[in-house]
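Protein chains: 2
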Amino acid sequence: MPNPYPANSVGQVAPEVYQFDEPLELSCGRTLNQYELVVETYGQLNSDKSNAVLICHALSGHHHAAGYHAPGDTKPGWWDHYIGPGKAIDTDHFFVVALNNLGGCHGSTGPRSNNPDTGKIWGKGFPPLRVRDWVSSQARLADHLGIDCWAAVVGGSLGGMNAMRWALEYPDRVRHCVVIASAMKLSAQNIAFNEIARRAIKSDREYHDGEFLEHDTIPRDGLALARMIGHVTYLSDELMGVRFGRELRSGTFQPGLEAPVEFQVESYLRHQGDRFAQEFDANTYLLMTKILDYFDLAREYGDDPVQAFAHATCHFLVISFSSDWRFSPARSREIVDALIAANRDVSYATIESNMGHDAFLLPNDRYERVFRAYMMRVAQDTQAPAARSAQR
Amino acid sequence: MPNPYPANSVGQVAPEVYQFDEPLELSCGRTLNQYELVVETYGQLNSDKSNAVLICHALSGHHHAAGYHAPGDTKPGWWDHYIGPGKAIDTDHFFVVALNNLGGCHGSTGPRSNNPDTGKIWGKGFPPLRVRDWVSSQARLADHLGIDCWAAVVGGSLGGMNAMRWALEYPDRVRHCVVIASAMKLSAQNIAFNEIARRAIKSDREYHDGEFLEHDTIPRDGLALARMIGHVTYLSDELMGVRFGRELRSGTFQPGLEAPVEFQVESYLRHQGDRFAQEFDANTYLLMTKILDYFDLAREYGDDPVQAFAHATCHFLVISFSSDWRFSPARSREIVDALIAANRDVSYATIESNMGHDAFLLPNDRYERVFRAYMMRVAQDTQAPAARSAQR
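Protein chains in written order, with my numbering: chain A, 1 to 392; chain B, 1 to 392.
Next comes chain A alone, as it looks inside the complex (with noise of 0.2 Å):
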């Protein structure tokens, strides 16, 4: 049978579930006394186990990085671009593990989930979680899988906070650390546009103040809503006018005419909206917009992010987009002079992309290259230990 898929691609991949009995005890005070998460695996696992790359999703992401779910998938995983067979990470060299972090609605335990002591669902009980727990979870699962270190842990946005807590609570597990398009915490102005999304959820009369699957409904419209307020700021000003300028969809602006006029960049919102409020649960939004809001990476450091990174011993690569106005450059910077400061190895790249925020899961040559000469360097420290071990 001839392979359906393209040549760089990883091909069909399955999700697997891994279930963990251990109790985990969490930043709240409670403890998950089990959990599952949904994870993927891409490429092979080296003999000294020393290849490996966790990879950290943002606030909608999940397990479903790269790859094909069957033939006739048209949608790829949603890092596709960056991750396969000769692409930035590379799985010919790398053995890539991604998850759907706890708290999630992809399959790992999260609101969705059957509390065991109850018997019910989770729903708004789920405990808070905070991007530590997130790290301790995937440390069990690097347990699970063997690993003692990570060649490298990879994340943009939300997943860059996951990534360079690793490099803080595990210093001894990462070697490298990838931080795309996030910050060291979020600004009041991100914090507000969370708010919103949040109460527009929680306005919505189908939230039932989170028990809305008891009452067999979900809060569609605040969802929808929450959705195109993030969508909005993670594109630039630039890029939509690019794509939807003033047209329109429908209507006409001719006078003495009374028809509606709908612009396109109204549709494609909507639009965008509504498919999100379909497939996302609402608990979940929630619990995540509040672990990227409370994440401050040197809050217990003094408040002072060179003694935060003096605790990481791993090699840091941080690239920013030009246009991402979430996590501007300035934000990134700050990331790289508190390393500078720390007398950290980083290398930085900004990348000019009318893109937005969403730079980071799109394609750009610029931003391949860099990322692909990166992880070649991590390639090469996974297969000459000996020689990273002098470099130390």
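Treat the hints with care, since some could be wrong.
Chain copies aren't distinguished; within one or between two, either way the pair holds.
[Stated by the list, open to error] As a list, the in silico DSS-like pairs of lysine-lysine whose alpha-carbon atoms are at most 30 Å apart:
id : residue 1 : residue 2
1  : Lys49     : Lys120
2  : Lys202    : Lys124
3  : Lys290    : Lys124
It should be emphasised that the hints constitute simulated quantities derived from the structure, not laboratory data.
Since chain A is already given, all that's left is putting chain B on it; use the hints.
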């Protein structure tokens, strides 16, 4: 009795309602058989009626632009910083006219008014308006006041669009046009934010397809959300950082505690949204944002702003603010470039400010000086009509 108001205030003012009984043909093809406009005036109209300045308000503005309604008032009119004796728009020189636009919810005929043809509230049935309809109704107001030609038509944001439309529609009736923090048309991003705000209102179940007043309710949550979205976009990221940062209003990040954290910025936005929802009419909000979206200065001039401004004969002052990302300086420079190409007289200033779009309402020394210097020139024209004619 001592004057209870600041010396540079216009003091106590009272709105007046003007009724217009001559039918007004609207750009949608429908006709308003009669309408009322609520108006405030400050200063004295001079004998040759050459010193009148029209103030055009923005999205959520109204007729109360300066002074106080009663001695106990803690809050003066919305542009009190710039209208008053000795201020940029100096009421010792000018007769200032401020009105609530047609379609508004502060006393002029709008969705909250009774439709005399049906005896019922207009509600969502109020005719869709364009900026040019405001200009027509304002021209009737000028006729009523005996003002043949405005010394200046002045407006910020949507009000700036209104002022520019005056300059094109009635070139003989405008000597100076002051356009602050405005644009010749909205960008796709701007339209997107407006559409999200509209969707927030319409998906509130209390909206009742626009007939909320008949149901004795208002779409409070939707309106609050709409305002919150607008408000974030009127402020700059920097200002929000300075004002709120990541300061907490309640809760704690202490590990092991599940106390819900609320950031200052969240509480502030909620307060702004809730207050607005108590005052503003949802149908007016929908109407006004559509007027904003549909405005396109050059649409009927072959999409060529240079052709459009060829119809203007007045002098222009254009002002923008460095941190305004909703109506950025680039949008103002487009206006200025078109005016220069059309061989019009234009002065332009970008004011350094971290206040975002809201800067046009707020005290700023440099803005005040530029604005005042220009208005002194307008006043000189007014005092020497013979000299003015000679300049033309």
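Now the hints, each set against the structure:
1. Proximity of lysine 49 to lysine 120 under the C-alpha cut-off of 30 Å is found in neither arrangement, the shortest distances being 39 Å within a copy and 76 Å between copies.
2. Taking CA atoms no more than 30 Å apart as the test, lysine 202 paired with lysine 124 passes in both settings, with 11 Å inside one copy and 26 Å between copies.
3. Taking the shortest alpha-carbon separations for lysine 290 and lysine 124, only the intra-copy value of 13 Å comes in at or below 30 Å, while the best inter-copy value is 37 Å.
Comparing the model with each numbered hint stated earlier shows that hint 1 is the single one that does not hold.
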